[in-house]
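Assemble the whole structure, with the sequences as input and the hints as a guide.
4 protein chains.
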Amino acid sequence: MEKVHAGIIGLGRAGQMHLKNLMTIPEIVIEQVADVFIENVSEHLNDIGITNQTRDYHDILNNPKVDTVFIFTSTNTHEEIVTAAAKAGKNIFCEKPLSMNQVEEASLNVLREVKKAGVKLQIGFNRRMDPQFRNVYEGVRNGKIGTPQIVKVTSRDPDLLPHDLIQRIGGLLFDFTMHDFDMARYMMNSNISEVYAKGGTLIDPTLKDIDDIDTLALVLQFENGTYGLIDNSRRAVYGYDQRVEVFGSEGMLKAENVSNSTVELYNNKNEELQKPLPIFKERYREAYTAEMKAFVRSILKDEPLVAEGRDVIMAQRAAVAAKKSLETGLPQKVDTSYPLE
Amino acid sequence: MEKVHAGIIGLGRAGQMHLKNLMTIPEIVIEQVADVFIENVSEHLNDIGITNQTRDYHDILNNPKVDTVFIFTSTNTHEEIVTAAAKAGKNIFCEKPLSMNQVEEASLNVLREVKKAGVKLQIGFNRRMDPQFRNVYEGVRNGKIGTPQIVKVTSRDPDLLPHDLIQRIGGLLFDFTMHDFDMARYMMNSNISEVYAKGGTLIDPTLKDIDDIDTLALVLQFENGTYGLIDNSRRAVYGYDQRVEVFGSEGMLKAENVSNSTVELYNNKNEELQKPLPIFKERYREAYTAEMKAFVRSILKDEPLVAEGRDVIMAQRAAVAAKKSLETGLPQKVDTSYPLE
Amino acid sequence: MEKVHAGIIGLGRAGQMHLKNLMTIPEIVIEQVADVFIENVSEHLNDIGITNQTRDYHDILNNPKVDTVFIFTSTNTHEEIVTAAAKAGKNIFCEKPLSMNQVEEASLNVLREVKKAGVKLQIGFNRRMDPQFRNVYEGVRNGKIGTPQIVKVTSRDPDLLPHDLIQRIGGLLFDFTMHDFDMARYMMNSNISEVYAKGGTLIDPTLKDIDDIDTLALVLQFENGTYGLIDNSRRAVYGYDQRVEVFGSEGMLKAENVSNSTVELYNNKNEELQKPLPIFKERYREAYTAEMKAFVRSILKDEPLVAEGRDVIMAQRAAVAAKKSLETGLPQKVDTSYPLE
Amino acid sequence: MEKVHAGIIGLGRAGQMHLKNLMTIPEIVIEQVADVFIENVSEHLNDIGITNQTRDYHDILNNPKVDTVFIFTSTNTHEEIVTAAAKAGKNIFCEKPLSMNQVEEASLNVLREVKKAGVKLQIGFNRRMDPQFRNVYEGVRNGKIGTPQIVKVTSRDPDLLPHDLIQRIGGLLFDFTMHDFDMARYMMNSNISEVYAKGGTLIDPTLKDIDDIDTLALVLQFENGTYGLIDNSRRAVYGYDQRVEVFGSEGMLKAENVSNSTVELYNNKNEELQKPLPIFKERYREAYTAEMKAFVRSILKDEPLVAEGRDVIMAQRAAVAAKKSLETGLPQKVDTSYPLE
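Residue numbers (the UniProt record's numbering), protein chains in the order written: chain G, 1 to 341; chain Y, 1 to 341; chain R, 1 to 341; chain P, 1 to 341.
Chain copies aren't distinguished; within one or between two, either way the pair holds.
Dumping the calculated DSSO-like pairs for lysine-lysine here, alpha-carbon to alpha-carbon at most 27 Å:
#1 Lys3 / Lys20
#2 Lys20 / Lys293
#3 Lys120 / Lys3
#4 Lys208 / Lys333
Source of the hints: derived by calculation from the structure; they are not laboratory data.
Right, here's the structure in full:
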């Protein structure tokens with residue numbers, strides 16, 4: 001079996017979850033792992049048989065056995081590490097965004113290095129590989145609903161994040177809605193060309209202090225003339241609410257929330273033991289592994305990447321436009337050209 | 001049993017449907033009916049025992065036995081007939097709108113006459129009495145989802161209307177979306193203060209010739225700071241798609257489409273005999289009778305009207321604002337004051 | 001329009017419900033009504049325009065305007081009235097059973113008179129006309145599940161009946177399960193040839209005093225070699241539980257319970273506002289009218305009867321066999337021949 | 001972390017599936033594996049790091065590092081290996097049955113050795129650990145439906161098995177229905193005291209040649225006076241149909257089939273992309289791991305076993321009684337005493 005020889009960079013909470021998933025994929029050999037606080041996880045790594053550990057990610061980039069790096073470090077390091085990995089000739093998996101700077105030139109510079117190096121870069125838009133959304137996506141692409149006309153994304157987090165975390169990862173639009181922009185664009189197979197956003201702090205008014213919001217309603221226009229609606233909330237008390245609906249000339253496809261339970265309770269109060277709606281890690285558990293498998297296939301069999309540089313740029317532009325729309329109260333055009341063609 | 005003594009004005013298709021419903025309400029005595037083409041329905045009326053028929057609606061207004069009129073004539077007659085009925089001292093049931101003129105002064109003039117006469121006027125926002133939406137509404141009012149934050153209305157017609165009919169009843173925004181504006185406002189218990197609309201002709205490009213559209217996406221802001229999203233289409237091939245969702249600080253209530261079937265088919269194709277989604281008259285069958293019963297109660301027991309003059313003005317203003325938003329590409333403020341207080 | 005000229009016999013609670021339904025069918029002219037306590041309902045009848053009232057059902061049988069009688073009197077009068085109506089040459093609608101005597105000869109005698117008179121007799125197995133069960137039935141007949149192999153009927157009453165009523169109408173097997181025997185036989189299109197029953201008093205032990213039970217589990221064998229399972233309870237606290245499932249060589253069709261609500265509530269307790277399950281009259285509301293319409297069609301257009309004499313005999317035999325099975329602890333064969341062929 | 005030191009005996013298809021699950025449980029150290037055809041899987045085992053391999057299961061029993069054996073060999077070896085493992089002082093996990101002989105004395109002899117050795121023996125009634133059924137079970141035990149009165153188990157295989165396999169594993173009653181007997185008994189928390197079975201070959205008449213059937217309907221009585229119904233089929237074309245319903249004095253709990261999809265398709269044919277019903281390994285995927293985890297807890301923390309020797313004896317007796325009921329056409333009493341108390 002041909003294998004991907006992987007180096008893992010970043011073993012915080014996200015990195016550990018991804019590591020666990022990567023270990024279930026037979027085509028992946030984990031050659032080396034790196035974390036600035038490697039001593040915190042060293043014993044556990046030894047336990048599970050990963051002994052080649054380092055504090056310095058450059059060791060991985062210099063390791064000739066490694067052909068592919070998975071970057072799970074915090075956002076503010078992406079720009080530096082992705083650039084260095086590209087220069088080292090490694091294939092790269094990295095979460096969005098590629099740079100902290102919302103001015104896209106920083107991200108584009110990273111992508112230019114990736115292009116120059118001729119390596120593969122997959123962006124962690126994991127929801128594209130969620131079985132439910134994938135099923136909708138494929139149905140739409142296969143013409144089951146005719147020509148798509150309207151896409152609706154409902155995306156609500158189960159609870160507020162700490163303010164300091166928000167400041168590090170970029171606020172509702174850049175941390176959360178960006179996934180929805182990507183999903184809407186993916187479903188419609190067309191770039192977002194205009195955004196109108198309306199939102200505020202209906203849950204936590206102190207979010208204003210850090211220039212963030214918790215509730216958001218958006219109308220999108222796509223390049224192909226179709227429409228989109230997104231609504232976001234930071235606190236859905238009933239769980240992680242993730243639904244997508246695509247309406248077209250010949251029908252509608254929608255993915256409802258996922259539940260783990262098929263048990264129904266009937267009693268004289270006429271209530272039902274409701275399907276406990278899943279939390280974050282459970283909801284996209286399969287997607288996290290599936291995106292890695294897809295990346296492996298794109299490396300070993302040259303299949304198309306699930307999400308690439310262009311995708312993160314387009315989603316980021318939509319988020320920037322939404323932010324400006326919130327600030328100005330006006331709809332904002334979104335540039336759909338891509339300079340790295 | 002105290003009774004409402006009714007005169008029915010207008011016996012076209014809508015009028016006949018309403019007549020049938022009215023006949024099932026024991027508190028209603030149908031004293032007289034009027035239609036300009038009364039000869040077309042005369043025999044059928046005799047068959048069902050309604051013999052006091054006239055061509056001229058003034059006969060009903062002059063009939064001292066009649067205390068309440070139900071107006072089912074075409075939109076362009078509402079202004080005249082409602083005004084005359086108010087002057088004749090009759091209680092009035094009438095479909096929206098109250099005038100053809102989208103400048104609201106005409107409607108306000110009608111409402112001034114109603115107010116002066118001290119009669120009851122109920123507007124036919126029948127969806128307020130739909131059992132599903134009513135159930136959501138009451139849940140929201142009773143605090144089941146805490147403080148409402150986002151309302152979403154999905155409203156899609158099963159098929160395009162003829163152009164000439166559209167011209168008579170006023171286009172998507174005034175014929176169709178107006179119900180959704182009213183529903184959104186009803187659920188949130190707050191006036192719409194701003195509208196942003198994006199739409200076009202994705203189904204029938206010739207609608208442009210009559211200045212209409214077939215597909216629409218809207219973001220609303222309410223006076224109380226909350227948000228709304230509406231999406232409309234004129235052609236949902238799978239049926240009449242009418243759903244409402246209200247999201248709040250303590251949960252979410254939503255009304256899914258109504259189906260008449262609980263039958264499930266399992267076979268080796270893993271398809272299901274899908275719940276045949278209902279068409280228009282079926283979907284709101286109960287609502288049409290329920291709104292009449294509510295009107296009877298408001299007359300006989302002085303209960304509050306389900307929908308009154310103010311409601312039609314507010315929905316109309318939202319439609320006018322949406323139209324201007326479509327024309328200008330900009331969000332539009334909506335006046336929420338009511339001059340007839 | 002050709003009409004059925006009806007006489008109604010029996011205006012107790014059931015009779016009044018049926019009368020209301022009959023009045024909605026345009027092909028039915030109600031010529032005369034009879035009840036031994038006609039004075040109790042006389043005023044109400046006058047109110048709704050039915051003035052030809054009598055205490056004595058013979059007046060109806062002697063009324064030359066009446067061609068069809070609907071018999072809603074108590075079970076112990078069926079034998080006498082149906083026989084007399086047949087002799088008077090009237091078409092007959094009657095609830096099961098045709099006689100109090102569980103020895104079927106009494107019922108057969110009634111059916112012989114019906115046959116001799118050449119009139120139509122429809123048995124009130126209303127569930128055959130329930131839209132859900134009808135949908136399953138038609139799917140099965142149209143081959144959607146291939147060859148049927150197993151039928152399952154779940155049938156549970158919402159609450160215990162008074163002992164004196166039970167004694168008048170015949171206990172669980174004859175009042176309640178008999179409908180399920182008919183439904184199972186209808187779905188499989190084959191006579192029941194063997195019954196094994198197991199049951200007891202898990203809810204109300206005092207039912208033993210009147211030789212009745214409240215809980216029942218049955219296995220059926222059909223003449224064509226297929227199998228059936230029925231379970232009954234007199235008290236399902238969550239409502240009237242009526243489900244049917246037919247399994248076959250190419251799939252399964254099942255009718256779940258009917259609910260009036262499509263509203264879903266999500267909150268932090270992960271419960272759902274459960275579809276309020278319907279009570280008796282609501283659950284079969286449409287079936288009651290549909291069976292009457294079917295009877296009208298069979299009279300006016302000579303369509304087949306929905307349920308005829310043979311059907312009540314077969315269901316009754318299954319009930320008798322089940323009773324004997326309970327008494328002996330052994331399975332019982334059921335005679336499937338029909339002497340009136 | 002305290003660990004279970006495991007030896008795996010039998011690496012056919014079932015064994016390999018279980019091995020994969022066992023490897024995901026951190027408390028389990030796999031010390032050695034055995035299979036009579038170990039050469040077939042040797043390379044794969046080396047690949048996944050299991051190098052201590054043997055052809056002879058005695059090597060495992062003699063391995064002092066091994067404290068627990070998991071037996072996944074064919075049924076005809078259970079009696080010998082379980083007995084030997086007990087004598088060797090190992091804790092034992094084994095699939096039902098414990099002996100080929102349907103006369104229970106052989107199984108009881110095995111259980112006597114287990115008792116004498118004082119080791120733990122868990123029977124692989126995996127469905128007890130299925131999350132859906134577990135949820136129902138816990139609801140019933142916690143009184144959510146009051147006193148249970150009726151249990152219904154629907155259990156249908158997706159397709160016929162080869163005749164030679166059937167002969168090795170014991171026919172519908174012993175291979176398949178036995179799980180349902182256990183489930184019914186588990187839900188009602190009471191022994192089965194009587195069985196009536198009706199069945200035949202509606203799918204494959206040649207099953208008669210090997211004294212087996214493919215379709216089955218059963219009525220059970222439990223020691224505590226309650227009732228059960230089971231229906232089985234060997235071929236449900238739509239997938240693996242596994243449902244359980246428990247009805248009680250205060251309500252009903254039921255577990256519907258599990259689907260992996262929440263995607264709904266609406267089109268003008270009013271069909272739905274039906275939730276693809278799962279096949280065997282998928283349906284109980286979680287249960288297979290959960291039963292192992294439960295066994296680990298019972299060893300390390302002395303928690304009660306999920307299913308023990310008594311359980312397999314009781315299920316086996318029900319199967320034997322059902323077989324006799326089929327042969328005689330009569331209900332059969334089932335002994336509920338347990339000699340190894």
